[in-house]
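Model the full assembly from the supplied sequences, consistent with the hints where possible.
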Amino acid sequence: MKTGFLNSSVNSPDCLPDSRQSFIFAAFAQGYRNHSGENLPGFNRDFQSRLAIAAATIDPVLSHFGFSGETFENDELRTQYLTYIYSSTAAGILRKLKFRPVLTAGYSMGIYAALFDAGSITFASGLELIQIAYQSMRDSLPHDHFSMGTIIGLSGNDLTDLIGNHNLEASISNRNASHSFVVSGYRGDVRKLLELAAAEGALHTRDLGVSLPYHSRLLEQGSLDFARKIRAIGFQPAANPVVSLVDQKILQTPEALRNEVVRNLCCPLNWLNTQEVMVQNGVNMFVECGPSNGLVKNSKFVEGNYRFYTLGNLPPAE
Amino acid sequence: MATITESIKAEVKEIVYNFFAEECETDVSRITNETNIISDLDGDSLMFLELIEIFKKKYHLDIELKTIGKYAVKHPVSTIGQLIEMQLLIIEHENRLLEFER
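Protein chains in written order, with this note's numbering: chain R, 3 to 320; chain A, 6 to 107.
A couple of the hints might just be wrong.
Where chain A lies over chain R, by a calculated footprint (3+ residues, C-beta under 8 Å) [what the hints assert, rightly or not]: (1) 143-156; (2) 200-212; (3) 291-305.
Quick partial rundown of chain A residues pointing at chain R, CB under 8 Å, derived from the structure [unchecked claim]: (4) S50; (5) L51; (6) F53; (7) L54; (8) E55; (9) L70; (10) K71; (11) T72; (12) G74; (13) K75; (14) A77.
If you're looking for bench data, these hints aren't it; they were derived computationally from the structure.
Values in this document were obtained by computation on a predicted structure and should not be read as measured data.
All C-beta atoms in this analysis are idealised placements derived from N, C-alpha and C, irrespective of residue type, glycine included.
Structure, rendered in structure tokens:
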């Protein structure tokens, strides 16, 4: 049975003695204007502190960020930094409030926040990984000929048939649910696929407007370059295991986690299976550590007995 | 092919109203048949997908999502009342939905 947070009867984490929590981390967060973490105790102070560190060490322009002003949501790199800063801040506060995830997972580029939260990398290393990953991908595909899109309402077989029958240079890059997908590839082919999917009966299609084909083999070269450039960055054993979105293995060693950030760039992901594995491993409480509910929206198609929370709907802490 | 009774109509309406009240964090008393799903409730296609799955399970419907998608292109839905009407047609006609023209 699936239970939404609105019919949750819990009042605090301690009221769920059998709760097995998972923190989940978004990649490209939106919705800062009414962000759900604003009521977490100390959130703004901690966020501003981390933002200042990021501005001083990685990108001075980040200091222009404001929840009601410039949010950089259309800036492909800066939005990753900000999502990472936001998510890691929120997760840190939740841990202070005695939330204790038994498993974590980072959706797409949310992997860096998951690794930081699990204690595998430092905050500064996370920023550096985001920067190097983006630059490696950008350098390997310097032309702006790529894109991604979402398709809701068709099956994976439907999409595979459309791609094959029309010889499109596009691929499924993430399976969010049985009938909800992200696709990546050459921009013209992604757009063609979205058109074909709509004609085939998709309930919804959308060009995501990004310039890189994340999680596709088009980024294999960029991922090799990334692997070489991050050799000097230290990875520690994770304090709690992290679930791979690539093959759903439960990762904890530095070697496995380092390998995961590399293949995360060029391998297709499966968010649906990742959540299913977490539920099979006893997770019954998911907390989305981001400013909105993007992952929660995508996470309602998993069978099992669990609850979903956003930062704005958490059980009150003691 | 099901016969749509007054009881089914009432049940579908109740499910749709309660679903959007919960998903959109609003009081059910604020929802009417004229409520716009997107502009008033900030609804989206994932909610629509979830609702279809609820009805597929509840009424054991034999219908492909893409059949609904093709129908929705011809008959776009924007209000709660239109959505209820569509759900009733789905329950009534299942995979023969496209053969039916309003």
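At a threshold of 8 Å, is the proposed contact between F53(A) and chain R supported by beta-carbon distances? 6 Å, holds
message: Checking hints one by one. Is K71(A) an interface residue toward chain R, by the C-beta closer than 8 Å rule?
response: Holds. Min distance 3 Å.
Restraint: E55(A) near chain R, CB-CB cut 8 Å. Satisfied or not?
5 Å, holds
Interface restraint verdict for L51(A) against chain R (beta-carbon cut-off 8 Å)
5 Å, holds
Subject >> Hint check: 8 Å Cβ-Cβ cutoff, A77(A) to chain R >> reply: Since the shortest Cβ distance to chain R is 7 Å, the answer is holds.
Check of the segment 143-156 of chain R against chain A for coverage (Cβ-Cβ below 8 Å, three residues minimum) | n = 3 at 8 Å, threshold three: holds.
Q. Quick check: the segment 291-305 of chain R, covered by chain A? Criterion 3+ residues, Cβ under 8 Å.
A. Three-residue rule met by the segment 291-305 of chain R, so holds; n is 4.
Given K75(A) was flagged as interface, is its beta-carbon under 8 Å from a beta-carbon of chain R?
-> 4 Å, holds
- Should the interface hint for T72(A) be scored as holding, given a Cβ-Cβ cut-off of 8 Å against chain R? 6 Å, holds
> Once the shortest beta carbon distance from S50(A) to chain R is found, is it less than 8 Å?
Replying inline: Holds - the Cβ of S50(A) comes within 8 Å of chain R, reaching about 3 Å at its closest.
* Asked: If you take the shortest Cβ to Cβ gap from G74(A) to chain R, is it below 8 Å?
  -> At 3 Å from the nearest chain R Cβ, G74(A) passes the 8 Å test, so the hint holds.
- Task: With a C-beta cutoff of 8 Å, work out whether three or more residues of the segment 200-212 of chain R approach chain A closely enough for the coverage to hold.
- Result: holds (count 6)
When the structure is compared with the earlier hints, no violation turns up for any of them.
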